[in-house]
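Residues per chain, in single letters:
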Amino acid sequence: QKEVEQDPGPLSVPEGAIVSLNCTYSNSAFQYFMWYRQYSRKGPELLMYTYSSGNKEDGRFTAQVDKSSKYISLFIRDSQPSDSATYLCAMSESGNTPLVFGKGTRLSVIA
Amino acid sequence: NAGVTQTPKFRILKIGQSMTLQCTQDMNHNYMYWYRQDPGMGLKLIYYSVGAGITDKGEVPNGYNVSRSTTEDFPLRLELAAPSQTSVYFCASSLSDTQYFGPGTRLTVL
Chain P
1 QKEVEQDPGP LSVPEGAIVS LNCTYSNSAF QYFMWYRQYS RKGPELLMYT
51 YSSGNKEDGR FTAQVDKSSK YISLFIRDSQ PSDSATYLCA MSESGNTPLV
101 FGKGTRLSVI A
Chain Y
1001 NAGVTQTPKF RILKIGQSMT LQCTQDMNHN YMYWYRQDPG MGLKLIYYSV
1051 GAGITDKGEV PNGYNVSRST TEDFPLRLEL AAPSQTSVYF CASSLSDTQY
1101 FGPGTRLTVL
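Those sequence lines, one after another, are chains P and Y.
Straight run, no breaks: the first sequence in the working numbering ends on number 111.
Straight run, no breaks: the second sequence in the working numbering ends on number 1110.
Not one of these hints is a red herring.
Chain P is faced by these chain Y residues, among others (derived, beta-carbon under 8 angstroms):
{"id": "1", "residue": "1031"}
{"id": "2", "residue": "1033"}
{"id": "3", "residue": "1040"}
{"id": "4", "residue": "1041"}
{"id": "5", "residue": "1043"}
{"id": "6", "residue": "1045"}
{"id": "7", "residue": "1094"}
{"id": "8", "residue": "1096"}
{"id": "9", "residue": "1097"}
{"id": "10", "residue": "1098"}
{"id": "11", "residue": "1103"}
If you anchor each label on the Cβ, the simulated ranges turn out as follows:
{"id": "12", "chain 1": "Y", "residue 1": "1067", "chain 2": "P", "residue 2": "40", "range": "27 to 33 angstroms"}
{"id": "13", "chain 1": "Y", "residue 1": "1069", "chain 2": "P", "residue 2": "12", "range": "43 to 49 angstroms"}
{"id": "14", "chain 1": "Y", "residue 1": "1039", "chain 2": "P", "residue 2": "20", "range": "21 to 27 angstroms"}
{"id": "15", "chain 1": "P", "residue 1": "16", "chain 2": "Y", "residue 2": "1009", "range": "31 to 37 angstroms"}
{"id": "16", "chain 1": "P", "residue 1": "66", "chain 2": "Y", "residue 2": "1018", "range": "44 to 50 angstroms"}
{"id": "17", "chain 1": "Y", "residue 1": "1062", "chain 2": "P", "residue 2": "45", "range": "26 to 32 angstroms"}
These are computed hints drawn from the structure, not numbers from a lab.
Heads up, the beta-carbon is just placed ideally off N, CA and C, and yes, glycines get one too.
Chain Y with its partners taken away, still in its complex shape (with noise of 0.2 angstroms):
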């Protein structure tokens, strides 16, 4: 098993460009969340989905949409990028109580 998988690695954006992290679990679990970490800040959840046609928000889902069309995929969309999004982004799937992160995206706006 891959585990969750995120791409791209890393990514440069200009501001207002759009772009969609990908992120692929082959867990076959239920639960996938979107995170980000600015340094020192600890992780904050962006957005997260029970199920496959089932998106919630989290704490900070301002200037990203998700999807969930299938179990294994869960991408990140960012429609006009913003400095303030640059992170680093981290994609997590549970099946009950413990999550499983994928390797991250580190995203630059300039």
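So that you can see chain P by itself, here it is in the shape it has in the complex (with noise of 0.2 angstroms):
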């Protein structure tokens, strides 16, 4: 089992759609949660980021961990045409200790 599953879609939504991406993973040691943005062509860009378990809203994103089903979600709500990218999961141990990513799931907002 790898350590951290994410679902590479592609994942085609309408504009206004509620967005919902999924990460899984098995190392209960797992501690900082992010989500990185990555257009095409370019680095990934921190989106949100989660210590531990709990909901973080930023605008219309939403970040959800819950450690006890090792399960990490990002909400994007009122979905934009901007929106269109690969959105990776990434988790690490500690502060400072190599992020671990997840493949990333390309989206598309259609207008």
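Take the two lone chains and join them into the complex the hints point to.
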């Protein structure tokens, strides 16, 4: 079993839809959970960051972590064509240990 | 601040050639990382460094070498290029938990 599993998609939704992106993991020592957004031919950029379990909201984006189920989610409300990108989940055991990435989910939001 | 810069943006190598991918950050970050990204495969850690003079292997270090003589620079060396090293290479740096990525180097080995 891979350490971090993420459905690669592709996922195609109409503009305005609610998008749900998910990752599961096997290492119970993971404490730091992140979502990165990567536009085509660009480097990843940090979108959301959560420490341990719980929810975090930032504008149209909500990140959820359920450590008991080893499951993390990213929700995008009122999705826009500009949200079209690859979304990578990443996690680590402590603040500066290397991140372990999922394979990324490619999202297309159609106007 | 320029953040994390990488050169070159693109490169084509012949099998057996060598090259150095350059990475520089101007944020005074102690931690620096090299990843490779293959299509549909996410990011895999090659090497990382927790400070000048200290480097450590990641998940896929074979065929690569690094050095960290200054805080700012973290070059990645390919000694004998192989087709399996065709990939997009990303450098990243961090102060604590947030990693900042460069724009990447797209490398093709023929």
